[in-house]
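Bring the two chains, given one by one in their own frames, into a single complex with the hints.
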Amino acid sequence: MSQAATIAPPLRSRRMHMQGTLPVLVLFLPPALLLFTLFVILPMGEAAWYSLYDWNGYGLPEKFVGLKNFETLWRTSAFKTALGNNFLIILVSILIQLPLALWLATMVSNRIPGAVVFRLIFFMPYVLADVAAGLIWRFVYDGDYGLFAAIASFFNVASPYVLADRNLAIYAVLAVIVWKYFGFHMMLFIAGLQNIDKSYIEAAEIDGASRWQRFRYVTLPLLAPTIRLSVFFSVVGSLQLFDMIMPLTGGGPSNSTQTMVTFLYSYGITRMKVGFGSAIGVVLFVICVTLAFGYRRIFMRHD
Amino acid sequence: MKLRTLLGASVALALSASSAFADVTVKWLHLNTDPGIAAAWEEIVKNYEAAHPGTKIEMQFLENEAFKAKLPTLLQSNDPPHLFYTWGGGVLAAQSQTGAIKDVTEAMDADGGKLKAVYSPALVDGLSIDGKVWAVPYQTGLVSFYYNKDLFKKAGVEADQIKTWDDFLAAVKKLKDAGITPIAGGGGDKWPIHFYWGYLAMREGGKAAFDAAKAGEGDGFKSEAFLKAGQDLAALGKLEPFQQGYLGSKWPEPVGLFADGKVAMLLGFDSTPVQQHNVAGDGKGLDEANIGSFPFPATSGGAGKLTDTMGGINGWVLTKNAPPEALDFAAFLTNKENQTMMAGKNLIIPAAVGAGSAIGQPLVKAAAEQLAASTWHQNFLDQDLGPAVGRVVNDVSVEIVSGQMSPEDAAQQIQDAWDLDH
Numbered sequence: 017m018s019q020a021a022t023i024a025p026p027l028r029s030r031r032m033h034m035q036g037t038l039p040v041l042v043l044f045l046p047p048a049l050l051l052f053t054l055f056v057i058l059p060m061g062e063a064a065w066y067s068l069y070d071w072n073g074y075g076l077p078e079k080f081v082g083l084k085n086f087e088t089l090w091r092t093s094a095f096k097t098a099l100g101n102n103f104l105i106i107l108v109s110i111l112i113q114l115p116l117a118l119w120l121a122t123m124v125s126n127r128i129p130g131a132v133v134f135r136l137i138f139f140m141p142y143v144l145a146d147v148a149a150g151l152i153w154r155f156v157y158d159g160d161y162g163l164f165a166a167i168a169s170f171f172n173v174a175s176p177y178v179l180a181d182r183n184l185a186i187y188a189v190l191a192v193i194v195w196k197y198f199g200f201h202m203m204l205f206i207a208g209l210q211n212i213d214k215s216y217i218e219a220a221e222i223d224g225a226s227r228w229q230r231f232r233y234v235t236l237p238l239l240a241p242t243i244r245l246s247v248f249f250s251v252v253g254s255l256q257l258f259d260m261i262m263p264l265t266g267g268g269p270s271n272s273t274q275t276m277v278t279f280l281y282s283y284g285i286t287r288m289k290v291g292f293g294s295a296i297g298v299v300l301f302v303i304c305v306t307l308a309f310g311y312r313r314i315f316m317r318h319d
Numbered sequence: 143m144k145l146r147t148l149l150g151a152s153v154a155l156a157l158s159a160s161s162a163f164a165d166v167t168v169k170w171l172h173l174n175t176d177p178g179i180a181a182a183w184e185e186i187v188k189n190y191e192a193a194h195p196g197t198k199i200e201m202q203f204l205e206n207e208a209f210k211a212k213l214p215t216l217l218q219s220n221d222p223p224h225l226f227y228t229w230g231g232g233v234l235a236a237q238s239q240t241g242a243i244k245d246v247t248e249a250m251d252a253d254g255g256k257l258k259a260v261y262s263p264a265l266v267d268g269l270s271i272d273g274k275v276w277a278v279p280y281q282t283g284l285v286s287f288y289y290n291k292d293l294f295k296k297a298g299v300e301a302d303q304i305k306t307w308d309d310f311l312a313a314v315k316k317l318k319d320a321g322i323t324p325i326a327g328g329g330g331d332k333w334p335i336h337f338y339w340g341y342l343a344m345r346e347g348g349k350a351a352f353d354a355a356k357a358g359e360g361d362g363f364k365s366e367a368f369l370k371a372g373q374d375l376a377a378l379g380k381l382e383p384f385q386q387g388y389l390g391s392k393w394p395e396p397v398g399l400f401a402d403g404k405v406a407m408l409l410g411f412d413s414t415p416v417q418q419h420n421v422a423g424d425g426k427g428l429d430e431a432n433i434g435s436f437p438f439p440a441t442s443g444g445a446g447k448l449t450d451t452m453g454g455i456n457g458w459v460l461t462k463n464a465p466p467e468a469l470d471f472a473a474f475l476t477n478k479e480n481q482t483m484m485a486g487k488n489l490i491i492p493a494a495v496g497a498g499s500a501i502g503q504p505l506v507k508a509a510a511e512q513l514a515a516s517t518w519h520q521n522f523l524d525q526d527l528g529p530a531v532g533r534v535v536n537d538v539s540v541e542i543v544s545g546q547m548s549p550e551d552a553a554q555q556i557q558d559a560w561d562l563d564h
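Line order of the protein sequences matches chains A and B.
One rule links them: number in the numbering used here = place in the first sequence (from 1) + 16.
One rule links them: number in the numbering used here = place in the second sequence (from 1) + 142.
Calculated from the structure, these hints are not laboratory results.
It is possible that part of the hints are untrue.
[As the list claims (entries may be wrong)] Dumping the calculated DMTMM-like pairs for lysine to aspartate or glutamate here, alpha-carbon to alpha-carbon at most 20 Å:
no. : chain 1 : residue 1 : chain 2 : residue 2
1   : A       : Lys-79    : B       : Asp-561
2   : B       : Lys-169   : B       : Glu-200
3   : B       : Lys-212   : A       : Asp-259
4   : B       : Lys-210   : A       : Asp-70
5   : B       : Lys-210   : A       : Asp-181
6   : B       : Lys-392   : A       : Glu-218
7   : A       : Lys-79    : B       : Asp-558
8   : A       : Lys-84    : B       : Asp-558
9   : B       : Lys-169   : B       : Glu-185
10  : B       : Lys-212   : A       : Asp-70
11  : B       : Lys-426   : A       : Asp-160
12  : B       : Lys-212   : A       : Asp-160
13  : A       : Lys-84    : B       : Asp-561
14  : B       : Lys-305   : B       : Glu-511
15  : B       : Lys-392   : A       : Asp-146
16  : B       : Lys-462   : B       : Glu-185
17  : A       : Lys-84    : B       : Asp-563
18  : B       : Lys-392   : A       : Glu-62
19  : B       : Lys-392   : A       : Asp-259
20  : B       : Lys-318   : B       : Asp-272
21  : B       : Lys-318   : A       : Asp-160
22  : B       : Lys-404   : A       : Asp-160
23  : B       : Lys-380   : A       : Asp-181
24  : A       : Lys-79    : B       : Asp-563
25  : B       : Lys-274   : B       : Asp-551
26  : A       : Lys-96    : B       : Asp-551
[To be verified] Just a sample of chain B residues kept apart from chain A, beta carbon distances all over 12 Å, derived:
no. : residue
27  : Thr-167
28  : Ala-320
29  : Asn-463
30  : Ala-515
[What the hints assert, rightly or not] Sample of chain B residues lacking proximity to chain A, with all beta carbon distances greater than 12 Å (derived):
no. : residue
31  : Gly-178
32  : Lys-315
33  : Gln-557
C-beta: ideal position from N, C-alpha, C; glycine also.
In isolation and in its complexed conformation, chain B is listed as follows (with noise of 0.2 Å):
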């Protein structure tokens, strides 16, 4: 009897010790391909493993799209990622009432909020749904216009003069009179415009206009800041200011186009000024001193303020069964000092308070200032919305601006499929 329960002692013994020197792998889903950020966070997963002996970051990799559609499949899976990245809004909304991921407010608020307060409130918010934090905050990012200065001097157009929608069109059009293509757009994709759609309606409606829209309140998408926006688009669409061939582009092709001089605006992330650099034709690209940008002109007589911004909130979401390490490398990952290093290299807008002040590269830099002036950050609408209605909010506006849909029948058909899923 005494044998056993020496033995059954030395047996539990060994299997809490083996437990906690046993090797603990994250199953860590992402779908980063810029060689950059892998080669950042490589460094970093290579610094918290020399520092956490036994556990193992295990990088898995899938494509943008292929992430997307795989996930609700994985989640429920027997063998669901451990952290995995999202954009917050209605998917994050969806995954969060299924009970396969893990609501991290308590890990966010203990020891007095130590971790909350590493992130800019804003983010944390932006990744909170009904006052429950459902991911680790890791980037912001906006969505600005892009411009080429040479061009632009060669027109005649000067972009601090571009303030309303109206002076914008003007730049179009001068632009076209010069023999240049003034935009780059991707309409293959449909994302790439529905930009457009998003910024107008945020600057015809402003804020107030997508909560009533969203609460059900009024007219809700079919209200007159919607309406107005797109016809805000229809009239852009009528100058014909994109690229030949812009129905078919596929993402990354109209940077690929800015980035070799072709066209003189582009509408696109805060990143893409150093990513240019990888998809021009000589490799080489613009020089990024030649590369100006403006924010998203005002609409006259809109609701919405020039200092409203639209871009990404990313996380790193746990699922229900991660191990606290899971967790806890979520967290280093985002940490100041990561953050800081990774930002000091253009690859992010950081999440964590105060490292933004390490990015070097100037336009990188006004975006992330600009974001952190903002007086109302929106999420992606294809995210935020929700995947369906984002959806039929990209695909009407590729519809809009080629001018095959009214801008009364594409209010009708995001009210329709809002009300489906509402």
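With the rest of the complex left out, here is chain A (with noise of 0.2 Å):
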């Protein structure tokens, strides 16, 4: 009772607060809306109704199948290999990139000579295209003639096809991803430093804090809104990975390198099942909206 009572009065300016909006919601709202119902919410909703019919991409959809999409693609062990590299991606992301960007960020962040000259050189790879990052890994881990080639052959060792390989491939790529993601996540780590305010560390230093302490009670706290937005990056990041896998790998070999969109790719387009494909793309959708609403409610609610 006393709940509804305080709550009450907020709620009553609020809506006095919108009436004098109206016009101007009248006035901007519709174009932006329009645009979003064309081109998001439209699109969603045609997906979501291509996925219950057997459709080759042509004409239009005619033979429903119901849910029989989803029934194929639940029996699909691709989609399965797909669904969990899409999770190490997100692992890997949090594991080793993550730290390994805030530990460059850490060393690259104060005024040191060369500092800048280094940001620069680790914030290359992610200025690169997906689509060259790929080609130039793919003849880096050739084992005719590439890089790993020549290392072989120096060390006088068999050349190892790391991509050619079912249970090394998604490392190779794991290594490739870290490798052009890692510069991005530690440009914001180094904002992320560069906003916090130099007297709290100053103050830690006088009270005798060594520097791991420093780091652990000052600095990573003060740093979280940042963590946190870097793995919702990740996340991300991560399911909608694509065009760098396609150079690389293509999926193969035998699927293993497949991630959900190069799995919709290669099973819905490819194959011209555009209705299979709706399937596919309904249940990443899910699979986003879910992560990402759920992250952003649990993990960033404060910031």
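Written out as structure tokens, the structure reads:
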């Protein structure tokens, strides 16, 4: 009862506030709403509709199959591999890429000579187009003519063919992902570190905190919002990963490096199974929305 | 009133006159990356434009995979190309059912079948679905084994002695024993491996097995012939015949290995002996005299013939709203004169009757002759069976040869995909 009483006044005032902004809403909302509906809501609805049909992309979908596409999807082992790989990418991003980016950020955020140059170097892979990065690393990994072949022949050992190995290929891809994106996360952390008031650290220093203690008890907690943001980007990025995988492995060998989006492309689009592809899209959408909103609600509530 | 009619008439006249001389642009979508073919096409386009003032040919390019992925959307857009490349088969069949493309049967049969008579009947047939012609034939191709004569000599293998699959497996062993990588394989792209499964199924079952499977008779793709094809392929896989890392190798990397003399054999296209120069490490590649070829071997007890061939059938499809000039240009591009010109440069095995004799390169010529004598020409399976089943065939071929899937499971997967589509 008392709770309701405390909530009521702000509500009323908000309503009054709304009335004042109504003309503004009427004027400014429709264009954005129209664009959003046309290019976001409508395609999503269409995908959901297509996912119930067996359709090759020509004409209109006519062969209604109900939930069969989802059933087939669930039985396809490549789908589970793709899903697993996406989670592996998230895991590696958090456990390897994030600490690496944070560590480098703490080193190059200080005003030491050469820091800017290093920042630039570390950031370079991120600037590179995904496809270009994929092609470069395909050459690096090549066991016949690539860098790996050269290294192997220098040490006089058999050349490894990592991208052709079902068990190794995904780790080779993960290495490229970390290489490509740590620079971006490093930049996030540098921005975060520069926002921390130096006086806190000085105060800790005066109190006799060690270097590690200063990092653990001052820097890290103050950096928490940035870390949460970085993890958020890793999660979203993992679910979108496509254009680097295609030139590297194309999802192979034996679908071992498939991600959700490459799986959608090879099973939905190249096979002209638009209905099935839409079903994958719907599942991907549900996962994205759940993860994004769930994450924001749970971890980024106060940010 | 009079003035108005006069005005109207003159306007109409002006309009009709301008439409007669108006710039018609024929939009021609292709996926060619070969510089030799590009040069030949440019010459043909120049000649056509010179002979037809006011008509412009606009070449549009899409890379192979992009072409396949984008075409459905493109065909249903407001700005589809007028003319585009096709491999025939299931994809063409799907397109023909949508009303997005033009039935060219009438044009083929006009003037007592004047246009139809230009092309080899087998190719017109290959681009027909239920008695209707859906594309203007352009070229054909043959998949067969090419080998490095020096490496064969070194290992003591004689190509003319390879008649059966067992002979072939023995040759592979001999090459391995001599320390030579027997075959260059493109497992990363998968379709280069599907040639093996496809040819083996053709040799084991013959045309009858394919016809029965497509008609849904008997056990379909789970029948004896297809199972045996899988077992034959698994037997090859056990010998580990391919280069290291072949599972990640994408075309034309295997051709490069062959061109560099690092592997003894390649199951490739008729154009491979000529194109290998472009992908060689030293820019030269093998001397063409050092390359030999032999047809895909027969299997003992198989129903297929050694003269049954597998390879591409390509043509040009017209879209629904293509101007008449598009058909006219397609006919010009594929007329005997232009096809002879391209064949003379060893660029294609032409579709036009009589143009093939212009081929000078002995290996390409031999392929053309084999095709002319073919007892049954099977289009690439990943086109013929449609994109969905075709990709499954590609997938399982790689899985079988790399020992990841049993021939039984593979046959089941193909049949499942087929059932889903039909």
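Status of the hints after comparison with the structure:
Proximity of A:Lys-79 to B:Asp-561 is assessed by CA-CA distance (about 15 Å); at most 20 Å being required, the pair is judged to hold. Distance check on the hinted pair: B:Lys-169 and B:Glu-200 sit about 5 Å apart at the alpha-carbon level, within 20 Å; holds. Distance hint between B:Lys-212 and A:Asp-259 is fulfilled; the C-alpha atoms sit about 16 Å from each other, no more than 20 Å. Distance hint between B:Lys-210 and A:Asp-70 is fulfilled; the C-alpha atoms sit about 19 Å from each other, no more than 20 Å.
This hinted pair does not check out: B:Lys-210 and A:Asp-181 have alpha carbons roughly 28 Å apart, beyond 20 Å. With a C-alpha separation of about 57 Å, the suggested pair B:Lys-392 and A:Glu-218 falls outside the 20 Å cut-off, and the hint is violated. A threshold of 20 Å between alpha carbons decides the hint, and for A:Lys-79 with B:Asp-558 the separation of about 18 Å falls inside it, so the pair holds. For the proposed pair A:Lys-84 and B:Asp-558, the alpha carbon gap of about 14 Å is at most 20 Å, so the pair holds.
Under the criterion of a C-alpha separation no larger than 20 Å, the hint pairing B:Lys-169 with B:Glu-185 is consistent with the structure, at around 17 Å. Distance check on the hinted pair: B:Lys-212 and A:Asp-70 sit about 19 Å apart at the alpha-carbon level, within 20 Å; holds. For a cut-off of 20 Å, the pair hint linking B:Lys-426 to A:Asp-160 stands: about 18 Å separates their Cα positions. Taken as a hint, the B:Lys-212 and A:Asp-160 pair is broken in the structure, with Cα atoms around 33 Å apart against an allowance of 20 Å.
For the hint linking A:Lys-84 to B:Asp-561, the alpha-carbon distance of about 14 Å falls within 20 Å, and the restraint holds. At roughly 19 Å between alpha-carbon atoms, B:Lys-305 and B:Glu-511 fall within 20 Å of each other, so this suggested pair holds. Under the criterion of a C-alpha separation no larger than 20 Å, the hint pairing B:Lys-392 with A:Asp-146 is consistent with the structure, at around 19 Å. Simply put, B:Lys-462 and B:Glu-185 have alpha-carbon atoms about 27 Å apart, too far for the 20 Å limit, and the pair is violated.
The straight-line distance between the Cα atoms of A:Lys-84 and B:Asp-563 is roughly 13 Å, inside the 20 Å bound, and the hint therefore holds. Distance check on the hinted pair: B:Lys-392 and A:Glu-62 sit about 35 Å apart at the alpha-carbon level, beyond 20 Å; violated. Among the hinted pairs, B:Lys-392 with A:Asp-259 is consistent with the structure: their alpha-carbon atoms are about 17 Å apart, no more than 20 Å. Note on B:Lys-318 and B:Asp-272: the hinted pairing is violated, with a Cα-Cα distance of about 48 Å set against a maximum of 20 Å.
Taking the CA atoms of B:Lys-318 and A:Asp-160, the gap is near 18 Å; set against the 20 Å cutoff, the hint holds. At roughly 10 Å between alpha-carbon atoms, B:Lys-404 and A:Asp-160 fall within 20 Å of each other, so this suggested pair holds. Taking the CA atoms of B:Lys-380 and A:Asp-181, the gap is about 17 Å. The hint holds against a cut of 20 Å. Of the supplied pair hints, the one linking A:Lys-79 and B:Asp-563 holds, its CA atoms being roughly 11 Å apart against a limit of 20 Å.
Between B:Lys-274 and B:Asp-551, the direct Cα distance comes to roughly 37 Å. Violation of the 20 Å bound is thereby established for this hinted pair. About 19 Å separates the Cα atoms of A:Lys-96 and B:Asp-551, which keeps this hinted pair within 20 Å; it holds. The Cβ of B:Thr-167 lies farther than 12 Å from every Cβ of chain A, with a closest approach of about 25 Å, so its non-interface assignment holds. Distance check for B:Ala-320 against chain A: the nearest CB is about 19 Å away, which clears 12 Å, and the non-interface claim stands.
With a minimum CB-CB distance of about 16 Å to chain A, B:Asn-463 clears the 12 Å threshold, and the non-interface call stands. Every beta carbon of chain A lies more than 12 Å from that of B:Ala-515, the smallest distance being close to 35 Å; the non-interface claim holds. No Cβ of chain A approaches the Cβ of B:Gly-178 within 12 Å, the least distance being about 25 Å, so the stated non-interface status holds. Listed as outside the interface, B:Lys-315 is consistent with that label: its C-beta sits roughly 21 Å from the nearest C-beta of chain A, beyond the 12 Å cut-off.
With a minimum CB-CB distance of about 15 Å to chain A, B:Gln-557 clears the 12 Å threshold, and the non-interface call stands.
In the structure shown, a violation is registered for the earlier hints numbered 5, 6, 12, 16, 18, 20, 25, in ascending order.
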